[in-house]
Structure formats: C-alpha cells, structure tokens
Amino acid sequence: MIRDYMETIEKVIAQGPYKDTWESLSHYQAPAWYQKLKFGIFIHWGVYSVPAFANEWYSRNMYIQGTREFEHHVAVYGPHKTFGYKDFIPMFKAEKFDPHAWADLFCEAGAKYVIPVAEHHDGFQMYRSDLSHWNAFEMGPHRDILGELSAACRENGMMTGCSSHRVEHWFFMGHGREFDSDIHEPMQRGDFYWPAMKEGDHQDLFSEPVPTKEFLEDWLMRTCEIIDRYQPRILYFDWWIQHSAVKPYLKKLAAYYYNRAAQWGMEVVINYKHDAFFFGCAVPDVERGQFADIKPYLWQTDTSVALNSWCYTENNEYRPANELVQDLVDIVSKNGRLLLNVGPKADGSFAEEDRNILKAIGAWMKVNGEAIDGTQTWRRYGEGPTRIVEGQFSDGVKKNFCSKDFRFTTKDGVLYAIALAGAENGEYCVTSLGEQDASRQANFHGIIRDVRVLGTQEKPVWNRDEEGLHISTSYRSDYPVVFRITID
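Residue numbering for the sequence shown follows the working numbering, beginning at 1 and increasing consecutively.
Since the hints were derived computationally from the structure, they do not count as laboratory data.
Where hints are given, some of them may not hold.
[As the list claims (entries may be wrong)] With beta-carbon atoms standing in for the labels, derived distance ranges:
hint, residue 1, residue 2, range
1, 278, 398, 32 to 38 Å
2, 31, 96, 21 to 27 Å
3, 187, 398, 43 to 49 Å
4, 185, 65, 14 to 20 Å
5, 359, 457, 20 to 26 Å
[Claimed, not checked] Straight-line Cα separation of at most 30 Å, DSSO-like style, residue types lysine-lysine; simulated pairs:
hint, residue 1, residue 2
6, 295, 198
7, 96, 345
8, 19, 398
9, 345, 404
10, 213, 359
11, 399, 93
12, 19, 198
13, 81, 36
14, 93, 36
15, 213, 334
16, 273, 398
17, 411, 295
18, 11, 273
19, 398, 93
20, 11, 247
21, 273, 96
22, 295, 399
23, 247, 198
24, 295, 404
25, 36, 11
26, 273, 345
27, 36, 213
28, 398, 459
29, 247, 295
30, 334, 345
31, 398, 359
32, 198, 213
Just so it is clear, CB atoms sit at the ideal spot from N, CA and C, and this is done for glycine as well.
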C-alpha cells in the first residue's frame, strides 16, 4: 500500500501542470476567491483538550521532567508508565459536538472560511484515515470530525480547509524515552508515539537527528490522503516544514495538491510560515503577529482568542473582542487576512468566553462588514500615531489605538476610513483626505461627495480643509468606527 501510494503521488506530479520544483511552483497564483476572504476561524481541538492544562503542547511537556505539566500529570493522573498520553483518548468523547451548531456560530461571527486542525503535533488524526488507526473515526469520539465539520461549514457558504502539524511529531514525544514511561513501548510505523525521536537543542530544533525518509514519506502520504478525501480549499502548515530535510517532500506535496486541484477544477491555497516555501509559491502566514506596513502580496495572520493557549484550558487569558476587531481592520488594510483560533472543550462545547468573543465580532461585522469583506487596499494603509510591533508572537503587546489611528479599505468605488478607536467627543480628522496644498504633497486630490457612519442613520457634519477631512458625529462605540466616503 505504501509503495502504491507513493507511486500514485509521483504519477500525479508527472502528469500535471506543476512539477516538484520551485521554478514550476512559482507559476502558482492565489485565486480570486481567496483575495476576497478576510476573516477565518482556526480550530485547535483534540486529545490535548481532555487535560485542558497549560496549552496544546501538553503531550510533549507532560513527558519533560520538572515542568509544571509533568508535575500536574503525576498529581492528577498518576505515573506516566501507567497513564500516558494515549490514555486520554478514551476520555475524548466529543459527546456535545454539533458541527452544524459550530458552523452557525462561525457564520454569526462573520467568518468566511474555516480551518480545523486535522492532526496536531501529538499525532492523533481528527479524521478518518487508512494510514493509521490512531484517529477520531476509530477511537475516542468515533466520528469523522474533519469530514462532518467541513460539510456543515460548506452548507453555510464558507470555504473550508484544514491544517497539518504532523511533521513536528518527529520529536514531539521524544522526552518520554528519558525515564520510565509508556513511550518505551516497542514502536513501528503507524504507532501512536512513533517515532518519538530525540529533540534537538532547545536553541536549534533543526539539529540532528534529522527526519528520515520513512517518516517524511509517511508525512507526505498522510497529507495527500487529507487532500484526496476532503478536497480542502486551503491547506495550512505549521512552522517545522521549513526543515531542510522536509523541502523535497514539501515541493512534492505542493505539486500534488495543485495538480489535484487542477484535475478537480478547483483553485486552492497553501499557507506557510517563515521561509518554508520559495516566495510566491504559496501564501505566507505570520503567527500571532502582523506587519507594520502594507504589502503588495497576500498574507495572513493566525492568532487566538487566548494569549496563553491555542486549545481550551481552564485558565485561558482571553483577549478583548474589540482588540481583535482592531487587529482585523489593521491586517485587512495591509492586504492581509485574519485567521482567528478558538479551542472547544473536550466534549465539543465552547466556553462562554469563546462564544461571547465570536458573537461580539459578529455583531460588529454585521454592521461594518462591507468595509472588510471583498475589499482592496487603498494607496496607503492608514495614518495615526500608534505604531505596530512587527513580527510573530507580538499579539500580546498592547497597541492602545486612539481615535487618530485610521485604516483604509476600498470597494465598489467607495473609500472606507476606519477609526480604530472611537472618539469620546465624536470629533475626527482624517489627515490623508485634506484638500490639496502645494506644501503637503501627501494630501488627497479627489472630490468628496458624501460621508456616512456605518451603524447609524445620522448624517454626520463634515468639511475639508488643508488639515484633513473633519467629521463630527453623535455616534459612540468602543469598537472601530467606520466612515463610508463617496468620492468623485
């Protein structure tokens, strides 16, 4: 079966328009439908949701002696030899999982695409698989989680994808070999803990031992199985695919995916981090961070409703919904899109905090979504005194936007000027839209015909001078305020 599958992969690559070279893959272009999507939902849900402690890396850290996960595990569940990570699987029942209710909630939030984690670093597949028995269809919930949720989301008009974090499994369980634990059991290809290799130095996770051909072929086949069975429109990868040993297989995967999509008459997207792909062959993603300036290329931010974890835990540190909306607006103005993660409980229900955040975002999107969905960038992304800390893992940095911070988007001949924070006195000034002044070359040259405030029927008072477009309104909000500007 393994050799047959590898032969099929090679055949699809050989016969399709894309070959497994950067030169060939560089002809890829992101589809028009993806350019219109600005807000998506990411979902971290799996066996790690059962202990619901610390974060989704519990399966690794519980085997590292001296960590609080290790101490917690021993205190609550007993020695690792008698109760290992695999013993959480029967406890992962998902008895309250309702894919249609999930899809309804995501639609209410204003999301246009959904990306569940198909397999996390822990090695448990959230889908039906012929390559390993350690999956949610045969164990735990005994349901095809990915398949059911994807079908429900498509019924609600959302694009569906999935993410694979499988490649990190190479080292993820390796610390369990350092003491008397259940990871000392004999392992072979297809086993849950396999291969549990020694982890590289914490300063260099790309050091020896490098992934073997056997493991990388297994990774490739697992990913191709997801493609063939579920036909995801978006395929997201976590960071470790940038390992040099993975590169040849990564190129094969991309060529296979793009060729399969061509066979099916579909257009698809790959999201990646760092420099895993040659630039232009897929869409880059910035984890828990964003860019400080507008980009000429499409990009994505993935972040979570909680600062401390991607999965549900009993002590999640939730971000305020209005800050997430501010991030969404800032990202979209710079040619990006926001993939916002939520983590359900092990039973398949959402914590009240997660639901409230999604509903609050949805309430804002219901009123102001026209300034987000399907928009394009303007000649400049924005203005204002607040500076963005650029780069990954910066979402915990408070931005403290003020009413002078504006972001711009355009659609259908309309310009949207979005104040990232509401003014207490209702007075705004958009300096980028000031009247022409020979001494200020950055000013706007168009003719403004009308200004409206989304969310109210009130007609604001406005005028222009060399300082900018002055707007006065009685509308107040703790969320970004959107001005719809008609221009000739």
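Tested hints:
The hinted range of 32 to 38 Å is satisfied by residue 278 and residue 398, whose Cβ atoms lie roughly 36 Å apart. Remark: the range hint 21 to 27 Å for residue 31 to residue 96 is contradicted by a beta-carbon distance near 35 Å. Range check, residue 187 to residue 398: Cβ separation about 45 Å, and the 43 to 49 Å hint holds. Distance hint check for residue 185 and residue 65: the Cβ-Cβ separation is about 19 Å, which falls inside the suggested range of 14 to 20 Å.
Checking the proposed 20 to 26 Å range against residue 359 and residue 457 shows it holds: the Cβ atoms sit about 24 Å from each other. Straight-line distance between C-alpha atoms of residue 295 and residue 198 comes to about 39 Å, which puts the hinted pair past the 30 Å bound. Only pairs whose Cα atoms come within 30 Å are accepted, and residue 96 paired with residue 345 is accepted, the gap being roughly 9 Å. Only pairs whose Cα atoms come within 30 Å are accepted, and residue 19 paired with residue 398 is rejected, the gap being roughly 45 Å.
Simply put, residue 345 and residue 404 have alpha-carbon atoms about 40 Å apart, too far for the 30 Å limit, and the pair is violated. Distance check on the hinted pair: residue 213 and residue 359 sit about 46 Å apart at the alpha-carbon level, beyond 30 Å; violated. About 40 Å separates the Cα atoms of residue 399 and residue 93, which puts this hinted pair outside 30 Å; it is violated. Among the hinted pairs, residue 19 with residue 198 is inconsistent with the structure: their alpha-carbon atoms are about 34 Å apart, more than 30 Å.
For the given pair, residue 81 sits about 51 Å from residue 36 by alpha-carbon distance, which is inconsistent with the 30 Å threshold. Proximity of residue 93 to residue 36 is assessed by CA-CA distance (about 37 Å); at most 30 Å being required, the pair is judged violated. In summary, the hint linking residue 213 to residue 334 is not supported, as the alpha carbons are separated by about 40 Å, beyond the 30 Å threshold. This hinted pair checks out: residue 273 and residue 398 have alpha carbons roughly 23 Å apart, not beyond 30 Å.
Only pairs whose Cα atoms come within 30 Å are accepted, and residue 411 paired with residue 295 is accepted, the gap being roughly 18 Å. For the hint pairing residue 11 with residue 273, the CA-to-CA distance comes to about 28 Å; that is within 30 Å, so the pair holds. For the suggested pair residue 398 and residue 93, the alpha carbons sit about 38 Å apart, so the restraint of at most 30 Å is broken. Using a Cα cut-off of 30 Å, the hinted pair residue 11 and residue 247 holds, with the two alpha carbons roughly 19 Å apart.
Using a Cα cut-off of 30 Å, the hinted pair residue 273 and residue 96 is violated, with the two alpha carbons roughly 33 Å apart. Of the pairs offered as hints, the one joining residue 295 and residue 399 holds, with about 20 Å between alpha carbons and a cut-off of 30 Å not exceeded. Between residue 247 and residue 198, the direct Cα distance comes to roughly 21 Å. Compliance with the 30 Å bound is thereby established for this hinted pair. A C-alpha spacing of about 22 Å is found between residue 295 and residue 404, which places the hinted pair at or below 30 Å, so the restraint holds.
Restraint check for residue 36 and residue 11: not satisfied, since their Cα atoms lie roughly 33 Å apart, outside the 30 Å limit. Under the criterion of a C-alpha separation no larger than 30 Å, the hint pairing residue 273 with residue 345 is consistent with the structure, at around 27 Å. For the hint pairing residue 36 with residue 213, the CA-to-CA distance comes to about 39 Å; that exceeds 30 Å, so the pair is violated. A threshold of 30 Å between alpha carbons decides the hint, and for residue 398 with residue 459 the separation of about 33 Å lies outside it, so the pair is violated.
Between residue 247 and residue 295 the CA atoms are separated by roughly 26 Å; this keeps the pair inside 30 Å, and the hint holds. For the proposed pair residue 334 and residue 345, the alpha carbon gap of about 34 Å is over 30 Å, so the pair is violated. Of the pairs offered as hints, the one joining residue 398 and residue 359 holds, with about 22 Å between alpha carbons and a cut-off of 30 Å not exceeded. For the hint linking residue 198 to residue 213, the alpha-carbon distance of about 17 Å falls within 30 Å, and the restraint holds.
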